[in-house]
Amino acid sequence: MTTKSTRGERVPADRLPVARVCVDVPLPHLDRPFDYLVPAAADEAAQPGVRVKVRFAGQLVGGFLLSRAETSPHDGKLAYLDKVVSAEQVLDPEIARLARAVADRYAGNLVDVLRLAIPPRHARVEAQATPVPAGDAAPPGPPAGAGWDAYVAGAAYLRALAEGRPARAVWAALPGEDWAMRIAEAAAATVGAGRGVVIVVADARDLDRVDRALGRVLGDGRHVALNAALGPAERYRRFLAASRHRVPVVAGTRAAMWAPVAKLGLVVIWDDGDDLYAEPRAPYPHAREVLLTRAQLADCAALVAGHARTGEGQLLLETGWAKEIAAGRDVLRAHAPAIAPTGDDPQLARDPGAAIARLPSLAWEGARQALQAGAPVLVQVPRRGYLPSIACAECRSPARCPHCSGPLGLAGARDVPVCRWCGRAAAAYACPACGSRRLRASVTGARRTAEELGRAFPGVTVRTSGRDEVLDAVPAEPAVVVATPGAEPVAAGGYGAVLLLDTWALLTRSDLRAAEEAMRRWLNAAALARPAAGGGRVVVVADGSLAAVQALIRWDPAWFAARELAERRELGFPPAARLASVTGRTEAVTDLLAAARLPAEAELLGPVPADGDQERMLIRVPRSRTLPLSQALHEASAVRSARKATLPVRVEIDPADLF
DNA sequence: TCAATCCGTATC
DNA sequence: ATACGGATTGAC
Numbered sequence: 000m001t002t003k004s005t006r007g008e009r010v011p012a013d014r015l016p017v018a019r020v021c022v023d024v025p026l027p028h029l030d031r032p033f034d035y036l037v038p039a040a041a042d043e044a045a046q047p048g049v050r051v052k053v054r055f056a057g058q059l060v061g062g063f064l065l066s067r068a069e070t071s072p073h074d075g076k077l078a079y080l081d082k083v084v085s086a087e088q089v090l091d092p093e094i095a096r097l098a099r100a101v102a103d104r105y106a107g108n109l110v111d112v113l114r115l116a117i118p119p120r121h122a123r124v125e126a127q128a129t130p131v132p133a134g135d136a137a138p139p140g141p142p143a144g145a146g147w148d149a150y151v152a153g154a155a156y157l158r159a160l161a162e163g164r165p166a167r168a169v170w171a172a173l174p175g176e177d178w179a180m181r182i183a184e185a186a187a188a189t190v191g192a193g194r195g196v197v198i199v200v201a202d203a204r205d206l207d208r209v210d211r212a213l214g215r216v217l218g219d220g221r222h223v224a225l226n227a228a229l230g231p232a233e234r235y236r237r238f239l240a241a242s243r244h245r246v247p248v249v250a251g252t253r254a255a256m257w258a259p260v261a262k263l264g265l266v267v268i269w270d271d272g273d274d275l276y277a278e279p280r281a282p283y284p285h286a287r288e289v290l291l292t293r294a295q296l297a298d299c300a301a302l303v304a305g306h307a308r309t310g311e312g313q314l315l316l317e318t319g320w321a322k323e324i325a326a327g328r329d330v331l332r333a334h335a336p337a338i339a340p341t342g343d344d345p346q347l348a349r350d351p352g353a354a355i356a357r358l359p360s361l362a363w364e365g366a367r368q369a370l371q372a373g374a375p376v377l378v379q380v381p382r383r384g385y386l387p388s389i390a391c392a393e394c395r396s397p398a399r400c401p402h403c404s405g406p407l408g409l410a411g412a413r414d415v416p417v418c419r420w421c422g423r424a425a426a427a428y429a430c431p432a433c434g435s436r437r438l439r440a441s442v443t444g445a446r447r448t449a450e451e452l453g454r455a456f457p458g459v460t461v462r463t464s465g466r467d468e469v470l471d472a473v474p475a476e477p478a479v480v481v482a483t484p485g486a487e488p489v490a491a492g493g494y495g496a497v498l499l500l501d502t503w504a505l506l507t508r509s510d511l512r513a514a515e516e517a518m519r520r521w522l523n524a525a526a527l528a529r530p531a532a533g534g535g536r537v538v539v540v541a542d543g544s545l546a547a548v549q550a551l552i553r554w555d556p557a558w559f560a561a562r563e564l565a566e567r568r569e570l571g572f573p574p575a576a577r578l579a580s581v582t583g584r585t586e587a588v589t590d591l592l593a594a595a596r597l598p599a600e601a602e603l604l605g606p607v608p609a610d611g612d613q614e615r616m617l618i619r620v621p622r623s624r625t626l627p628l629s630q631a632l633h634e635a636s637a638v639r640s641a642r643k644a645t646l647p648v649r650v651e652i653d654p655a656d657l658f
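In numbering that gives the first Met the number 0, the protein residues as written are 0 to 658.
Don't take each hint at face value.
Within a straight-line C-alpha distance of at most 30 Å, the following computed DSSO-like cross-link-like pairs (lysine-lysine) qualify [said to hold, decoys possible]:
{"id": "1", "residue 1": "LYS76", "residue 2": "LYS643"}
{"id": "2", "residue 1": "LYS643", "residue 2": "LYS52"}
{"id": "3", "residue 1": "LYS52", "residue 2": "LYS82"}
{"id": "4", "residue 1": "LYS76", "residue 2": "LYS52"}
{"id": "5", "residue 1": "LYS322", "residue 2": "LYS262"}
Simulated from the structure, these hints should not be mistaken for lab results.
Generate the whole structure from the sequences, applying the supplied hints.
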C-alpha cells in the first residue's frame, strides 16, 4: 500500500490525480478538505473512504480520503499523499455526507464526527476475512408482521417497508409488547425489499433483546450487534462485517447509528427519550437527530419507537414528517394494567425514620395480592444524586423564572431563588399555580428500599436491580424486585404489581424534561405488568392530579407529549425552539460571542455560573434558524482558533443538561 | 544594502 | 505543531 519511492520519482496518477482529504486536525478553522496529489503507484488503493497519511503543516497526520478529482481549486502547489494506510474503504459515502450534515448542525468539525462514526483501525482484524457473524442459530421464525396488526397503521407500515418505501413513523408500543420482536419484524420486511437496516437502542440489555429477536426472525448471520462494551478488535471486526456489506442489519447502542449498511432502507430508535442517546463527546450529537438526518439524506424509512413519546417525537407528528402508529383504545384496554395513584405525604417521605410510611396502604395491598397470586412485584425507586431544585411548598409546581422560564435554584446559603439560566434573582417569587410564596428543596431518592420492603413482606424473596448489578429477567414466582429506572428486569408472564415510589424526587428535578422523563420511566416500568384482566396493577405514589400521573393512568403518552410540546412552545424550549449553550471562562465566552454573527432573532440568556470558574450563556433562536446559529458559532470558534485563543469554549446545540 | 531575526498567518 | 513570508532591525 505504501506509495513511498525514491525522492523526486513520484508522478501523479493519470486519471483523477487530486485527492480531497479530511485531515485529522480538530481545529475549527481547518474544518475543510485539503487537496493532495495521488502518486501513480497509489492510484488503485486511493479510493474514497480509505485512511491516508499526509504531510500537513510539516507534520505527518492521518486523514480520510473523501473524493478524487481531476483538478484542484487550490492555487499553491499540491503535496503528495504520504501513504494510503490501507485500501479498506471505512468511510462510506453515505456516512461522509451524514457526518458533514451532523457537524454543520452541531457547530462542530467533520473530523470530530468521523471519530465518533468510525472505530479505530485494527490491522490484524482487517487482514482477516470477515467471518460470518455469530448469532442465535435458529431457523427464521414466525411469519413477519402479525404482531403489528394490533396497531392502527401497523400493517400498512410493514407493507410500506416490504415495498421499500420511505415510510416514517412514531410508534407508541403497547404495554407488555414484545417490542424487540416487532422491530425485528420491521427489519425483516425491509431486508425482504433488498434494503439495509440500522437499529439503535439505549443500553446493552435492550441490545440483547433485539439481538435475540433478530436472530429468531432473520436467521443466522444476517445481522451484527455493535455494543459499546466490545473490545477494539471485536468492535472493528463487526464494523467491517457491516462496512463490507456482509450483513444487511446492524443493531447496537449509540455508536451503531453510524454503521454503514448497503442501500439503507430503515433506521430505528427505541425509547428515544433515554438520556444515553446524548453523545458526551464533541460535537455532542443526539442519536435521534443523527438517525432522522440519516433517514432524510438517504430518503429511507424511519421508526421512532417507545412506550413513551418525547416532545421531539410529537413534533415529528405535528409537522407531518412522520405518521403515528398506535393502538386503538379497545386494544389498549386489553393490554394495559389497572393503574391507580395514591397520594404520598411529603412530611413522611422526608422523615428517615418513617420507613414503611413510604409504602402507602394501596401500594402495600397491591403488592400483597400479587404475591399471594404467585406473581412477582416490581418496585421502582429513583436513583439518588439529582440536582437539588426548588418547587412550590404548597402545590409542588417546579419554580420557574418569571423572566425566561428557566429553573430556579437556591444559590449559596441564602434563601433568594436565582434562575439557573439567566441569573436573575427572583426575590419576590410567588407560585403562578397557587400563589404561595413558600418554596422547598426537593429530596433525593433512598436506596434502603430493599431492606424496608424485606421487613414489610416477611418471608418473600427481595431482589435488587440497579446500576451495579442489572438483572435481565426474573421468573414467574412471588418475589419483590426493587429496581432503579432503566434497570427493571422483564418478568416471565409479567409482574402482578408494579409500584412506582418516591416519584417526588423525579418530578421536582429542575431539569427541563423532568415530567417527560418521569413519564417515560413510569411507562417503561408499567409496561412490564400483566394486563388488568390478568390481575396486573400499577400503583403510582404521586398526586393523581398531576398531568404526568393522569397520562399514566389513562396510558396516554400521545396526550402528554402534545401537552409538553405545547408548553415548550409557550416557554420557548426545545424542541419548539433551538437553544445553544456556550460554556467557558468569562473572557472566552465574551470573546466568542463578540466574534459570532448571530441570526437577528437570537436571544441571549445569561450568564450563569457553571462548573469551576466557568460561566454559561444560552442562545435561543426559532427552529428554522438552526443552521445559521450553528454556522455563526462554528465560524466564531474558527476565528478564535485561528488566533490561537487558548481558553477553551464548549459550544453545544440543544444541550442535554438544561438543568 | 544585506542578512539575521521577529511576528503573524496558513497549513493542500 | 511547523514552515513560510513579510516586516523589522542592526551592522557595514
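*Given the hinted pair LYS76 and LYS643, is their alpha-carbon gap at most 30 Å?*
holds (26 Å)
*For the pair supplied as a hint, LYS76 and LYS52, is the alpha-carbon distance within the 30 Å limit?*
holds (18 Å)
*Given the hint that LYS52 pairs with LYS82, does the C-alpha gap stay at or below 30 Å?*
holds (5 Å)
*Within a Cα-Cα threshold of 30 Å, do LYS322 and LYS262 meet the stated pairing?*
Holds, at about 23 Å.
*Take a quick look at whether LYS643 and LYS52 sit within 30 Å of each other, Cα to Cα.*
Holds - the C-alpha atoms of LYS52 and LYS643 are around 25 Å apart, at most 30 Å.
Violation of the numbered hints given earlier is absent; every hint is satisfied by the structure.
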